[in-house]
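Q: Chain by chain, the residues:
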Amino acid sequence: MELKEKESILSVKELHFTYPRGKTEVLRGISCDIKKGERVAILGSNGAGKSTFFSLITGLTGNYKGSITLNNNEIREMNRYQIAQYISFVPQKHEPLFPFSVKDFIMMGRYSKIDALGNPTKEDIDAVMRAAEETGAIRYIDRPYNELSGGEIQLAIISRALAQETEILILDEPNNHLDFKNQFTVFNLICDISKKRNVTLIMSLHNPNDVLLFSEKAIVFNNGVVAANGLVSEILNTKLLSEVFGVNAVCIEQNGYKAFLPHSLAKIEN
Amino acid sequence: MKNTLVYILMIIAVLVLAYFSINMGNYNISPTKIFNIIYSAVTKTESPKDVTEYEKIIVLQLRMPRIIMVLLVGAGLAICGAASQGIFRNPLVSPFILGVSSGASLGAALAIVFLGHIAYSIDICAGIGGTIAVIAAFLTARKPDGSVPRLSLVLSGTIISSLFTSLTGIVKYIADTETQLPAITFWMMGSFGNVTWKTLDIITWLIPINIVLMILFAWQLNVLSLGDNEASLLGMDIKKWKIIYIYFIVSTTGICVARTGTIGWVGLVIPHIARAIVGPNHKSLLPMAALIGAAFMLISDNIARVATTGEIPVGIITALIGTPFFIYYLRKKEASVWN
Numbered sequence: 001m002e003l004k005e006k007e008s009i010l011s012v013k014e015l016h017f018t019y020p021r022g023k024t025e026v027l028r029g030i031s032c033d034i035k036k037g038e039r040v041a042i043l044g045s046n047g048a049g050k051s052t053f054f055s056l057i058t059g060l061t062g063n064y065k066g067s068i069t070l071n072n073n074e075i076r077e078m079n080r081y082q083i084a085q086y087i088s089f090v091p092q093k094h095e096p097l098f099p100f101s102v103k104d105f106i107m108m109g110r111y112s113k114i115d116a117l118g119n120p121t122k123e124d125i126d127a128v129m130r131a132a133e134e135t136g137a138i139r140y141i142d143r144p145y146n147e148l149s150g151g152e153i154q155l156a157i158i159s160r161a162l163a164q165e166t167e168i169l170i171l172d173e174p175n176n177h178l179d180f181k182n183q184f185t186v187f188n189l190i191c192d193i194s195k196k197r198n199v200t201l202i203m204s205l206h207n208p209n210d211v212l213l214f215s216e217k218a219i220v221f222n223n224g225v226v227a228a229n230g231l232v233s234e235i236l237n238t239k240l241l242s243e244v245f246g247v248n249a250v251c252i253e254q255n256g257y258k259a260f261l262p263h264s265l266a267k268i269e270n
Numbered sequence: 001m002k003n004t005l006v007y008i009l010m011i012i013a014v015l016v017l018a019y020f021s022i023n024m025g026n027y028n029i030s031p032t033k034i035f036n037i038i039y040s041a042v043t044k045t046e047s048p049k050d051v052t053e054y055e056k057i058i059v060l061q062l063r064m065p066r067i068i069m070v071l072l073v074g075a076g077l078a079i080c081g082a083a084s085q086g087i088f089r090n091p092l093v094s095p096f097i098l099g100v101s102s103g104a105s106l107g108a109a110l111a112i113v114f115l116g117h118i119a120y121s122i123d124i125c126a127g128i129g130g131t132i133a134v135i136a137a138f139l140t141a142r143k144p145d146g147s148v149p150r151l152s153l154v155l156s157g158t159i160i161s162s163l164f165t166s167l168t169g170i171v172k173y174i175a176d177t178e179t180q181l182p183a184i185t186f187w188m189m190g191s192f193g194n195v196t197w198k199t200l201d202i203i204t205w206l207i208p209i210n211i212v213l214m215i216l217f218a219w220q221l222n223v224l225s226l227g228d229n230e231a232s233l234l235g236m237d238i239k240k241w242k243i244i245y246i247y248f249i250v251s252t253t254g255i256c257v258a259r260t261g262t263i264g265w266v267g268l269v270i271p272h273i274a275r276a277i278v279g280p281n282h283k284s285l286l287p288m289a290a291l292i293g294a295a296f297m298l299i300s301d302n303i304a305r306v307a308t309t310g311e312i313p314v315g316i317i318t319a320l321i322g323t324p325f326f327i328y329y330l331r332k333k334e335a336s337v338w339n
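Read top to bottom, the protein sequences are chains P and F. Taking the numbering used here, the leading residue of the first sequence gets 1, the next gets one more, and so forth. Taking the numbering used here, the leading residue of the second sequence gets 1, the next gets one more, and so forth.
Extracted from the complex, chain F is given alone in its bound form (with noise of 0.2 Å):
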């Protein structure tokens, strides 16, 4: 299978970008030590002389969590937007498109100033965010037969995200400027910089849950994009698994945004890049979608931490990145994208 050689591909390129993602910084170690550092913490071995302490932080409780945190938020970002445009028949839609993380930042903010230090409140209320947000922006879309037009579905979408950032604005007002205020203003920015092994909790894991159920059903994606009628009339329980993947989609999205802030145009410009890769078909598109994301999120990551001397928001180098890749992609499919 000519697939199957692409994916391997992908994989190798994956872990060796994450390798030397490691490596990268401002502080540079070389990727001998990096693998000795590794290699001594997993059997639980000493590591040898040359590797300082402070290497060994910088290795096993800075980058390592960070990187593993870029690779499942890329991922989970780029699948949800390669699912979003299946079932929504629309390929110029993606969560954040979709007004799902300006819904999630929304809810995040609340969470701050209003719940304060309730475990998990921050995550549970992105969720409810993000559910919202997208339900609204589907039913402003929808017209009274029941289609949804694509570009009123982004234009909807847009007004929509408008009116949470808005919304999260007077929360902001309200906010403590000491403590409050800060912590919503990296909601805000998008950013792997404050990453420990304790924002990968048991919450953080649900992202590669999430990843590998919606490939696992990746074929119902492929005949809910047929349509409403054509899914029905094949058999298919159109209002079960579109639940299932606005859970899925939601979810994973929410807690991408609760843990990292809004990251744009991942799950906008990735599917599309798959997709003349493998093709539309769900099946083969989901996995490489989550792996072509999971990379351009590494290389973000990478630019914005050794750019420049401190650190530019990852939110801004995927926009840089993406926006001139979806112009170039509106105007060459111009005519069968807007209709």
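This is chain P alone, in the form it adopts within the complex (with noise of 0.2 Å):
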């Protein structure tokens, strides 16, 4: 029953690219599907393809083969402002050169939504207040941008993607740059949200600790193919660790919690 309610929004066809003066194939038919409402992690090591992965899927870099629908629209045809009806992104920095005021920030996210002046109606205001609100970026939202510590501004960020109301919140490696305890709060915060307003959450993550903490399903990527793609629970486990990153690690598990801890590197095979 519950399957069937839960329609696909993001399907990815054998998709293969190469980037335009490269030699080697970056992807090499990857294929998934992600459902309404998912939260899902992109698990895999350095220069695995997952960041090509996001500038694909976002429509930042054509040029593939295979094929990426939203919605069942094919993300090559679709223009920028189309894109951005259904995707907003958190990129992993953010370099802020003019000190925008927090809520100037939060309100371009209404960008595909706003008219070509920039004059924000009520609808565009309640927008930004309430993705301030559920950040708790409201605390500062008068605030000049430059004078917020890291956590701060990653907050603003995830507000000024919240403002843009759809129904996919991309983020990339979203941990980067915090310190432990804030870590913990904004995964908390984006899981909230997304179960909140039914958004699907895709996000990159490095540590598999995280992505047994804070999604339901995973696809691990090694060298531009998919290791492996399903519920966390099945598919996460000491052998993929080891086969993808190449550490050896114990599961260890208490209270209902689960955790890897890596010891030694896995003999190279192949």
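These are calculated hints, taken from the structure and not from any lab test.
List time: in silico DMTMM-like cross-link candidates among lysine to aspartate or glutamate, alpha-carbon distance up to 20 Å:
no.: 1; chain 1: P; residue 1: K113; chain 2: F; residue 2: E230
no.: 2; chain 1: F; residue 1: K44; chain 2: F; residue 2: E55
no.: 3; chain 1: F; residue 1: K332; chain 2: P; residue 2: E147
no.: 4; chain 1: F; residue 1: K33; chain 2: F; residue 2: E46
no.: 5; chain 1: P; residue 1: K122; chain 2: P; residue 2: D142
no.: 6; chain 1: P; residue 1: K93; chain 2: P; residue 2: D172
no.: 7; chain 1: F; residue 1: K242; chain 2: P; residue 2: D115
no.: 8; chain 1: P; residue 1: K103; chain 2: P; residue 2: D142
no.: 9; chain 1: P; residue 1: K196; chain 2: P; residue 2: E38
no.: 10; chain 1: P; residue 1: K93; chain 2: F; residue 2: E230
no.: 11; chain 1: P; residue 1: K113; chain 2: F; residue 2: D237
no.: 12; chain 1: F; residue 1: K239; chain 2: P; residue 2: E77
no.: 13; chain 1: F; residue 1: K143; chain 2: P; residue 2: E95
no.: 14; chain 1: F; residue 1: K283; chain 2: P; residue 2: D124
no.: 15; chain 1: P; residue 1: K50; chain 2: F; residue 2: E230
no.: 16; chain 1: P; residue 1: K103; chain 2: P; residue 2: E123
no.: 17; chain 1: P; residue 1: K196; chain 2: P; residue 2: E167
no.: 18; chain 1: P; residue 1: K103; chain 2: F; residue 2: E230
no.: 19; chain 1: P; residue 1: K50; chain 2: P; residue 2: E243
no.: 20; chain 1: P; residue 1: K103; chain 2: P; residue 2: E152
no.: 21; chain 1: F; residue 1: K240; chain 2: P; residue 2: E77
no.: 22; chain 1: P; residue 1: K93; chain 2: F; residue 2: D228
no.: 23; chain 1: P; residue 1: K50; chain 2: F; residue 2: D145
no.: 24; chain 1: P; residue 1: K113; chain 2: F; residue 2: D228
no.: 25; chain 1: P; residue 1: K36; chain 2: P; residue 2: E167
no.: 26; chain 1: P; residue 1: K65; chain 2: P; residue 2: E77
no.: 27; chain 1: P; residue 1: K36; chain 2: P; residue 2: E216
no.: 28; chain 1: F; residue 1: K283; chain 2: P; residue 2: D142
no.: 29; chain 1: F; residue 1: K239; chain 2: P; residue 2: D115
no.: 30; chain 1: P; residue 1: K23; chain 2: F; residue 2: D145
no.: 31; chain 1: F; residue 1: K283; chain 2: P; residue 2: D115
no.: 32; chain 1: P; residue 1: K6; chain 2: P; residue 2: E216
no.: 33; chain 1: P; residue 1: K196; chain 2: P; residue 2: E134
no.: 34; chain 1: F; residue 1: K240; chain 2: P; residue 2: D115
no.: 35; chain 1: P; residue 1: K93; chain 2: F; residue 2: D145
no.: 36; chain 1: F; residue 1: K143; chain 2: F; residue 2: D228
Chain P is nowhere near these chain F residues, computed Cβ spacing over 10 Å in every case:
no.: 37; residue: L5
no.: 38; residue: N23
no.: 39; residue: V42
no.: 40; residue: E53
Every residue, glycine too, gets a C-beta built ideally from N, C-alpha and C.
Join the two chains, each given in its own frame, into one complex according to the hints.
A: Below is the structure:
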């Protein structure tokens, strides 16, 4: 019953990609299906093709072979405005050049809704305030961007993505540059919001333990192919970690929580 | 709104400054007389008896058009500076630094020598020259991955400027020394000395039109200044908006250069002052930059007119005021600006 209700929102079939001047294929036949409201982690070693995958599914890079469909529309045939109606993106790092106020910054998330003159309607202002309240950025909404701490900046960027009011939220290593507590706060927050708003979450993560805690499904990349794809509880195990990351780990279970502890490098075969 | 008050004060300041600029000069005319002359000209009535024909000519034919031109060029160059800093994501650039001015000068020089008196040829060639220069500077600085480092853009702009200036030198060399050379030299110096009502033709009025359009769409600059990827992901057609704003910048600067010559530093310095007053949101920054630019140019031109018995090219005054300010700015913001 439940499976029937969930329709696929992002569907990738036999995706191949080589950079214009590159010799080797970065992605070699990726297929996956992401359904509405799912929380999916993209896991893989450095250079496995995660960033390329993100720039393809957000339409920033074209010229791929295969197909990427967003709500049944082929992404290479969509313009930026149309894509922005479905996908909002939280970049790994943001370098503010001009110290906009947090409010002005979050308002830019409304770009695809607002008119060309940028005059916000009541709806736009409400969306900005709602997003800022959900993340807590409301506390410093009038402060200039350059006076914020790393954690506060991350929350402001997430608020901007939420103000865009899309069905899919993509986060590129959302815990990067954050301390231990802030990592937990940010993950908890985005999971809560995704449940509340029924937003599909796609996040690239480095740490398998974050995947265990915060996502239902995972797509594991290895050398441009999908090494595993499915429910986290079913696919994420020590064997996969040694294959993909080349690390031997033990799995520790306590009080219903699971964690991987790496202890040695795996011997590389072939 | 705090900002509204600042704008109102700024507008009043510019108007008062403009009024007293009409009064200033080698021939002093009292403010009441100026009012009477302008009032009778506007209402088409007889002017009071104490006003001489000579004074009427000075106010209506010499100083009025000149001051209007000063306001337009000051506002135009400053707003173009603010807009170019936004689209190139670089607080160190201005149309002058990007080579637009030297490109426009070469275009104007070529038009003077080769196209003679074809109507508007100087304006059109100045526009084309400016466009080529800014594109050349941008492409020179661009790295294979598409990013444009801030300092590289400043450097490539300087290189392109230098190239265009030397090409202008060649044009000057072959120009007719009796008629064409003085005309070209005038462009190089930058001066409002020759402005008449004829200078304020239909092309010149593109400057205020561009200014209004730039202010109306200023929101686009906010989003553009986030960088290409972020702006695209928010749903922006970045190519379209970059072309639109580069058109605004090049056409406005091109017309300013074609009419009054190269006047530097306004576009670089004024946006920083405006940003310090109203913040970085381009919706408030652009109008403030335009107002401060107009006021700054009026003061500079007044100094140029009154400081000596002759007339100093106004570009010298703007550079004298602008460079120390910019050195101060760079020292203060060193770390964040250079990287």
